[in-house]
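Here the protein sequences line up with chains S and D, keeping their order.
Residue 1 is where the first sequence starts when you use this note's numbering, and the numbers rise one by one after that.
Residue 1001 is where the second sequence starts when you use this note's numbering, and the numbers rise one by one after that.
In case anyone wonders, no lab produced these hints; they're calculated from the structure.
Bear in mind the structure is a predicted one, so any value in this text is a computation, not a measurement.
A couple of the hints might just be wrong.
[Claimed, not checked] Here's a subset of chain D near chain S, in silico, CB distances under 8 Å, partners left out:
#: 1; residue: T1015
#: 2; residue: F1018
#: 3; residue: D1093
#: 4; residue: R1097
[Stated by the list, open to error] 25 Å max Cα-Cα, derived SDA-like pairs, lysine to any residue:
#: 5; chain 1: D; residue 1: K1032; chain 2: S; residue 2: A94
#: 6; chain 1: S; residue 1: K32; chain 2: D; residue 2: A1098
#: 7; chain 1: S; residue 1: K32; chain 2: D; residue 2: K1032
#: 8; chain 1: S; residue 1: K32; chain 2: D; residue 2: M1048
#: 9; chain 1: D; residue 1: K1032; chain 2: S; residue 2: A16
#: 10; chain 1: D; residue 1: K1032; chain 2: S; residue 2: L92
#: 11; chain 1: D; residue 1: K1032; chain 2: D; residue 2: M1048
#: 12; chain 1: D; residue 1: K1032; chain 2: S; residue 2: R13
Glycine residues also receive a C-beta, built at the ideal position from the N, C-alpha and C atoms.
Number of protein chains: 2
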Amino acid sequence: MRTRFEPHHDEIRLTAVFHALSDPVRLNIVRKLLVDTDVSCATLYADMPKSTRSYHFRVLRESGVTRTFVEGAHHRIVIRCDDLDSRFPGILDALRRASEPL
Amino acid sequence: MRTRFEPHHDEIRLTAVFHALSDPVRLNIVRKLLVDTDVSCATLYADMPKSTRSYHFRVLRESGVTRTFVEGAHHRIVIRCDDLDSRFPGILDALRRASEPL
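Bound conformation, chain S alone:
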């Protein structure tokens, strides 16, 4: 089984989080997940090539922004709210309040 890297709480770097959020697709995924907290990966950007979506999900996961749960053939993705709120208080609240449309 391929190991899926997810940084531990203390290993989440602010620069990696900002890099993950610096892409419009990834930022939109995160902001959607902040509204609808538990989503099947298959429903996010369903019309995008699978390899492109997988890349974005990987960047989000490896930065520590999201956690991915594998359930058979299905992947669910959630924001690591507790980890991010304790490591970088206010970042997620600022994202929730950002005025740019989804």
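Could you slot chain D onto chain S? The hints should help.
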């Protein structure tokens, strides 16, 4: 005179701000400027090659994170706190509170 691009308030994009903050050097510059609000560019990363520093200052300026004032041969750099606080409330506060050392 060369035009120095700085986005207007409404043109500041969240993804561009996050890109500017995704580099350790630029993130450190911003966090230093949040403490010491008005700084000569020459004193920031003084031992770094000038071309590299200029690149980082340009990314910060063009993203809308900073404003640069040219006074003769001297450049001063400040965070656009009012613009960022109104466009993306809480982002700067979250940066001030982030627990990673400068």
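Checked hints:
1. Checking T1015 of chain D against chain S: minimum C-beta separation of about 5 Å stays under 8 Å; hint holds.
2. Annotation: interface hint on F1018 of chain D holds; nearest CB of chain S at approximately 4 Å, less than 8 Å.
3. Taking 8 Å as the C-beta contact cut-off toward chain S, the hint placing D1093 of chain D at the interface holds, the least distance being around 5 Å.
4. Annotation: interface hint on R1097 of chain D holds; nearest CB of chain S at approximately 5 Å, less than 8 Å.
5. As the CA atoms of K1032 of chain D and A94 of chain S are separated by approximately 21 Å, the hinted pair is consistent with the 25 Å bound.
6. Straight-line distance between C-alpha atoms of K32 of chain S and A1098 of chain D comes to about 24 Å, which keeps the hinted pair within the 25 Å bound.
7. With a C-alpha separation of about 32 Å, the suggested pairing of K32 of chain S with K1032 of chain D is violated against the 25 Å cut-off.
8. Proximity of K32 of chain S to M1048 of chain D is assessed by CA-CA distance (about 40 Å); at most 25 Å being required, the pair is judged violated.
9. For the hint pairing K1032 of chain D with A16 of chain S, the CA-to-CA distance comes to about 19 Å; that is within 25 Å, so the pair holds.
10. At most 25 Å may separate the alpha-carbon atoms for a hinted pair to count; K1032 of chain D and L92 of chain S meet this at roughly 22 Å.
11. Under the criterion of a C-alpha separation no larger than 25 Å, the hint pairing K1032 of chain D with M1048 of chain D is consistent with the structure, at around 16 Å.
12. Between K1032 of chain D and R13 of chain S the CA atoms are separated by roughly 18 Å; this keeps the pair inside 25 Å, and the hint holds.
Of the numbered hints stated above, those contradicted by the structure are hints 7 and 8, listed in ascending order.
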